[in-house]
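**Q** Now for the letters of each chain:
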Amino acid sequence: MKATIYRSGGIGGLRIGGTVETDQLNADLAARAAAALQPGTLGAAAAAPPAPGSADQYDYEVTLGSGDTYNLEGSGGTVAVLDELVNEIISRRRG
Amino acid sequence: MSDCCHIHCIVPPHMLESIELRGNEEQRKFAAAAAAVAAEYRAERVAQAPAGGFTIAAVNAACDGPKREVYTAKNSDQLPGDLVRSEGDPPSGELAVDQAYDGAGDTYSLYSEQYGRDSLDGSGLKLVSSVHVSQGLDNAFWNGAQMAYGDGGMIFKPLTGSLAVIGHELSHGVVQYCGGLVYRDQSGALNESFADVFGALVDQRKAGQTAAEASWLIGAEILLDDVSGDALRSLKAPGTAYNDDVLGKDPQPFHMADYANTTSDRGGVHVNSGVPNHAFYLLAQYLGGYAWEKAGQIWYDSMQALNNPHATFADWAAQTVASARDLYGVGSMEAIFTRRVWRLVGVDFN
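Just so you know, the sequences run in chain order A and B. The letter at position 95 of the first sequence is residue 95 when you use our numbering, and the numbering goes up by one with no holes. The letter at position 230 of the second sequence is residue 230 when you use our numbering, and the numbering goes up by one with no holes.
To be clear, the hints were calculated from the coordinates, so they are not data collected in a lab. A few of these clues could be false.
What the hints assert, rightly or not - Covered by chain B, according to a simulated footprint, are these stretches of chain A (three or more residues, beta-carbon under 8 Å): (1) 26-34; (2) 51-57; (3) 81-94.
Stated by the list, open to error - Each computed SDA-like pair below joins lysine to any residue, with the alpha-carbon atoms no more than 20 Å apart: (4) B/LYS126 with A/GLY18; (5) B/LYS236 with B/SER264; (6) B/LYS74 with A/TYR6; (7) A/LYS2 with A/ASP28; (8) B/LYS157 with B/LYS236; (9) B/LYS249 with A/GLU21; (10) A/LYS2 with A/ALA34; (11) B/LYS74 with B/GLU94; (12) B/LYS249 with A/GLY18; (13) B/LYS126 with B/CYS63; (14) B/LYS249 with A/ARG93; (15) B/LYS249 with A/ILE90.
From the three backbone atoms N, C-alpha and C, an ideal C-beta is built for every residue, glycine too.
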């Protein structure tokens, strides 16, 4: 499974991400990524925005292999997996 | 059709956003429900704005001192976590806890001693901070009720290492309790800019630096050594804070000619904040001395008086000129310079 994930905002206002392929991840993260990167899961996560008044939390843009794009502003388990995937992308680019 | 449903249909989205920011609990529930009906908008998490609704903080109110609590989330996402240090407790010996505690105190001191504001809400609100939030979290945020600081990992060192970052997050709370600025597009960029400006002022005041002596950097202390850059943002020279293989180049403009029209980052709230950031920097340089005195007072009074959660840069610029005139007089150098700096960054207003 292939997906393109960008994380933007945060205190730094940075937009960071890229493309991940789950078969290149370790088995644990690959399994969690496969569960998170489903249309139903992403759609549900997109329905939990930050509270009014909140600031500096991340936004996520996820494009699946089908071409469908999801914009998430919330928090929770799905977002935690997306965070791990973005960190994995950063780690690989840093070498 | 019921009256309630009729109201749902006629209240425009921008009004619902204002009510969610500024209404009492019942009004916020209504706004959230209306938004859900109108656009299948999201309705679950409405409760963290001020419980009694929006009120302007008293000026020169009696300030009784900060009421700080610092918790550890123990690298979980559960906030606030376990209480580690309360007001008056001796240092805990844990760096992040003590930095969050001291930073909250320095921020409280700026607002209370300089502007007569008793905490974020003007009424002695408890300053709640959580450290060690999540695992490897390269972020700090204000969630509408408290500050949260990650330990960093990929890009940042622990986020409490920067006093400007602590002042920044707490200043988001001040914006919220001044009536709020919708966190999107120009109003969101103004929200970010106010947080940057007062984060920088907390830092400068603690260090005793004049406007000419200060670095005007946000987060200079927390970039990891392998990141190519000086800081997260520069108010002195927006667009020059970093240039890194992973992060790319600092995208902040300092002039409206380079304003970023983007859907990312809620309309570039962390990007376009460079324009009002630089306007403040220029004003502080023109006025000289300590930036938290005259320039800071103009910006602070402007936030108190703005009363427009969808304010544009032009609205904010006009308000700062009005506040400068109120504080220092029509035709004063302070008012003239305030008008001038907005021209220099390309913001036109009447």
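**Q** Could you run down the list of hints and mark each one as holding or not?
**A** Cross-check of the supplied hints:
1. Remark: the stretch 26-34 of chain A is not confirmed as covered by chain B, as 0 of its residues place a Cβ nearer than 8 Å to a Cβ of that chain, below the required three.
2. Against chain B, the stretch 51-57 of chain A contributes 7 residues with a C-beta closer than 8 Å to a partner C-beta. That satisfies the three-residue criterion, and the hint holds.
3. Coverage of the stretch 81-94 of chain A by chain B holds in this model, with 6 residues showing a Cβ closer than 8 Å to a Cβ of that chain against a need of three.
4. As the CA atoms of B/LYS126 and A/GLY18 are separated by approximately 40 Å, the hinted pair breaks the 20 Å bound.
5. With a C-alpha separation of about 24 Å, the suggested pair B/LYS236 and B/SER264 falls outside the 20 Å cut-off, and the hint is violated.
6. A threshold of 20 Å between alpha carbons decides the hint, and for B/LYS74 with A/TYR6 the separation of about 27 Å lies outside it, so the pair is violated.
7. Among the hinted pairs, A/LYS2 with A/ASP28 is consistent with the structure: their alpha-carbon atoms are about 16 Å apart, no more than 20 Å.
8. Of the pairs offered as hints, the one joining B/LYS157 and B/LYS236 is violated, with about 23 Å between alpha carbons and a cut-off of 20 Å exceeded.
9. For a cut-off of 20 Å, the pair hint linking B/LYS249 to A/GLU21 is broken: about 26 Å separates their Cα positions.
10. In summary, the hint linking A/LYS2 to A/ALA34 is supported, as the alpha carbons are separated by about 9 Å, within the 20 Å threshold.
11. Taken as a hint, the B/LYS74 and B/GLU94 pair is honoured in the structure, with Cα atoms around 13 Å apart against an allowance of 20 Å.
12. Using a Cα cut-off of 20 Å, the hinted pair B/LYS249 and A/GLY18 holds, with the two alpha carbons roughly 16 Å apart.
13. With a C-alpha separation of about 13 Å, the suggested pair B/LYS126 and B/CYS63 falls inside the 20 Å cut-off, and the hint holds.
14. Among the hinted pairs, B/LYS249 with A/ARG93 is consistent with the structure: their alpha-carbon atoms are about 16 Å apart, no more than 20 Å.
15. Between the alpha carbons of B/LYS249 and A/ILE90 the distance comes to roughly 15 Å, so the proposed pair stays at or under 20 Å and holds.
The structure does not agree with the numbered hints 1, 4, 5, 6, 8, 9 stated previously, though it agrees with the rest.
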